[in-house]
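**Q** Letter by letter, the chains look like this.
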Amino acid sequence: QKEVEQDPGPLSVPEGAIVSLNCTYSNSAFQYFMWYRQYSRKGPELLMYTYSSGNKEDGRFTAQVDKSSKYISLFIRDSQPSDSATYLCAMSPYNQGGKLIFGQGTELSVKP
Amino acid sequence: DAGITQSPRYKITETGRQVTLMCHQTWSHSYMFWYRQDLGHGLRLIYYSAAADITDKGEVPDGYVVSRSKTENFPLTLESATRSQTSVYFCASGAARPGAVDGYTFGSGTRLTVV
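Chains as they are written, first to last, in this note's numbering: chain A, 1 to 112; chain B, 1001 to 1115.
Note that these hints are calculated values from the structure, not bench results.
This one's a predicted model, so the numbers in the text were calculated from it and none came from an experiment.
There's no promise every hint is true.
No more than 30 Å apart at the CA atoms, straight line, and that leaves these computed lysine-lysine pairs for BS3-like [as the list claims (entries may be wrong)]: (1) Lys56(A) / Lys2(A); (2) Lys70(A) / Lys99(A); (3) Lys1057(B) / Lys2(A); (4) Lys99(A) / Lys1057(B); (5) Lys67(A) / Lys56(A); (6) Lys67(A) / Lys1057(B); (7) Lys1011(B) / Lys99(A); (8) Lys70(A) / Lys1057(B); (9) Lys42(A) / Lys1057(B); (10) Lys1070(B) / Lys1011(B); (11) Lys1057(B) / Lys1011(B); (12) Lys99(A) / Lys1070(B); (13) Lys1011(B) / Lys42(A); (14) Lys99(A) / Lys56(A); (15) Lys1070(B) / Lys42(A).
My request is simple: use the sequences and hints to build the entire structure.
**A** What follows is the structure in structure tokens.
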């Protein structure tokens, strides 16, 4: 079993829809949670970052962490065609240096 | 130009050959990483480095060698390339542990094909 599980999709939604992306994990030592966005043939770029449990909002994006359920989510409101990309969750334990463990990534397509 | 650069962008090599992928960052970040990205596996950590002369294995280190004699460079060498090492390789760097707000920055990747 992988430490981080993420549904690879693909996920296709109409423009303006609310998108929900999710990851589950098994390692209770994970303390830092991130979402990266990756456009085709580009490197991943940091989108959202949260520490421990709770919510964080940035414009149309909201990241949620539920450590009791070992479950994290990224919500995209009013989705745009420019949001079409692969979204990767990433996590790091507090006691293993700087390593980031990634989910498989979910491919999202927002149709005009 | 400031940033993180990988070279080459594309590489085709033959089975058994040694190949080195280069990574250079201009921020003097302490942490540097090598990941490979494959369909169905996402990003998997090969090696990482917390500082010059300090390296450690990640999830899939077999067949790879790294060195970090200077803070800004972190080359990845495939000692004897195999077809299973055909992948897209990403280098990343960061100033501190993932708890830093700015996280890690990735390069544009090297697409390696082993024939």
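**Q** Are there hints from earlier that the structure breaks, and if so, what are their numbers?
**A** none
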